[in-house]
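Asks: Construct all of the structure, not just a fragment, from the sequences and the given hints.
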Amino acid sequence: MKKCVYPGSFDPISNGHLDIIKRASKLFDEVHIIVSNNIFKKSSFTIDERIEFIKLSTSNLPNIVVSAYDGLTVNYCKENDINIIVRGMRNYSDYENEFSLFQYNKDIDSSIETVILLPSSKNQFVSSSAIKELVTFGVDISKYVPKQIAEIVTNKLK
Numbered sequence: 087m088k089k090c091v092y093p094g095s096f097d098p099i100s101n102g103h104l105d106i107i108k109r110a111s112k113l114f115d116e117v118h119i120i121v122s123n124n125i126f127k128k129s130s131f132t133i134d135e136r137i138e139f140i141k142l143s144t145s146n147l148p149n150i151v152v153s154a155y156d157g158l159t160v161n162y163c164k165e166n167d168i169n170i171i172v173r174g175m176r177n178y179s180d181y182e183n184e185f186s187l188f189q190y191n192k193d194i195d196s197s198i199e200t201v202i203l204l205p206s207s208k209n210q211f212v213s214s215s216a217i218k219e220l221v222t223f224g225v226d227i228s229k230y231v232p233k234q235i236a237e238i239v240t241n242k243l244k
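Residues in the sequence shown are numbered consecutively from 87, following our numbering.
Treat the hints with care, since some could be wrong.
With beta-carbon atoms standing in for the labels, derived distance ranges [to be verified]:
1. S197 with T222: 42 to 52 Å
2. A154 with E219: 19 to 29 Å
3. K233 with P148: 16 to 26 Å
4. P148 with D193: 13 to 23 Å
5. S179 with I125: 16 to 26 Å
6. D115 with K141: 14 to 24 Å
7. K233 with D180: 23 to 33 Å
Under the rule of at most 30 Å between Cα atoms (straight-line distance), these lysine-lysine pairs were calculated in the DSSO-like manner [what the hints assert, rightly or not]:
8. K218 with K229
9. K208 with K244
10. K233 with K244
11. K192 with K164
12. K229 with K128
13. K128 with K242
14. K108 with K127
15. K242 with K218
16. K88 with K141
17. K192 with K89
18. K192 with K108
19. K244 with K112
20. K164 with K108
Treat the hints as calculated values from the structure; they're not laboratory data. The structure presented is a predicted model; accordingly, all values stated were derived computationally and were not measured. We put the CB at the ideal spot given by N, CA and C, even for glycine.
Replies: Below is the structure:
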């Protein structure tokens, strides 16, 4: 069985994240989505809320496993017999960050590979931070987040 892990803070999950998840679910038998806190940002949603958002958004995908994890992704991989990390990359600043993460992960465990999936053109600019800002200014976010969570996210962030 070919498994991968797609890590992130998903605060909240966006259509860009969902695009990567759907495509990874076609490439791998099992996709582990691990939700963690970004130590550099204050989360707007609890880990449990973010896990629930992902489960609601991926309920039609049978090969998705969603859980919380606050350790290193490579450690999660070792604990769950996974040797592929899936990452999304939207732009050049993402490239710099992803390249550094790849180097650290490879140094920690050379048996774990990183696969980069590029977003579809309609999701290249979508970010969780921008979604939160749009809600603050009263903009409808339904085209940027999965339909199952748009109203929940909007109500919580108002």
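Asks: If a hint holds in the structure, say so; if it doesn't, say that too.
Replies: Hint by hint, here is what the structure shows:
| no. | hint | result |
| --- | --- | --- |
| 1 | S197 with T222: 42 to 52 Å | 43 Å, holds |
| 2 | A154 with E219: 19 to 29 Å | 25 Å, holds |
| 3 | K233 with P148: 16 to 26 Å | 20 Å, holds |
| 4 | P148 with D193: 13 to 23 Å | 35 Å, violated |
| 5 | S179 with I125: 16 to 26 Å | 18 Å, holds |
| 6 | D115 with K141: 14 to 24 Å | 19 Å, holds |
| 7 | K233 with D180: 23 to 33 Å | 25 Å, holds |
| 8 | K218 with K229 | 13 Å, holds |
| 9 | K208 with K244 | 25 Å, holds |
| 10 | K233 with K244 | 18 Å, holds |
| 11 | K192 with K164 | 13 Å, holds |
| 12 | K229 with K128 | 24 Å, holds |
| 13 | K128 with K242 | 15 Å, holds |
| 14 | K108 with K127 | 26 Å, holds |
| 15 | K242 with K218 | 10 Å, holds |
| 16 | K88 with K141 | 21 Å, holds |
| 17 | K192 with K89 | 18 Å, holds |
| 18 | K192 with K108 | 25 Å, holds |
| 19 | K244 with K112 | 36 Å, violated |
| 20 | K164 with K108 | 24 Å, holds |
This entry does not satisfy hints 4 and 19, going by the numbered hints stated previously.
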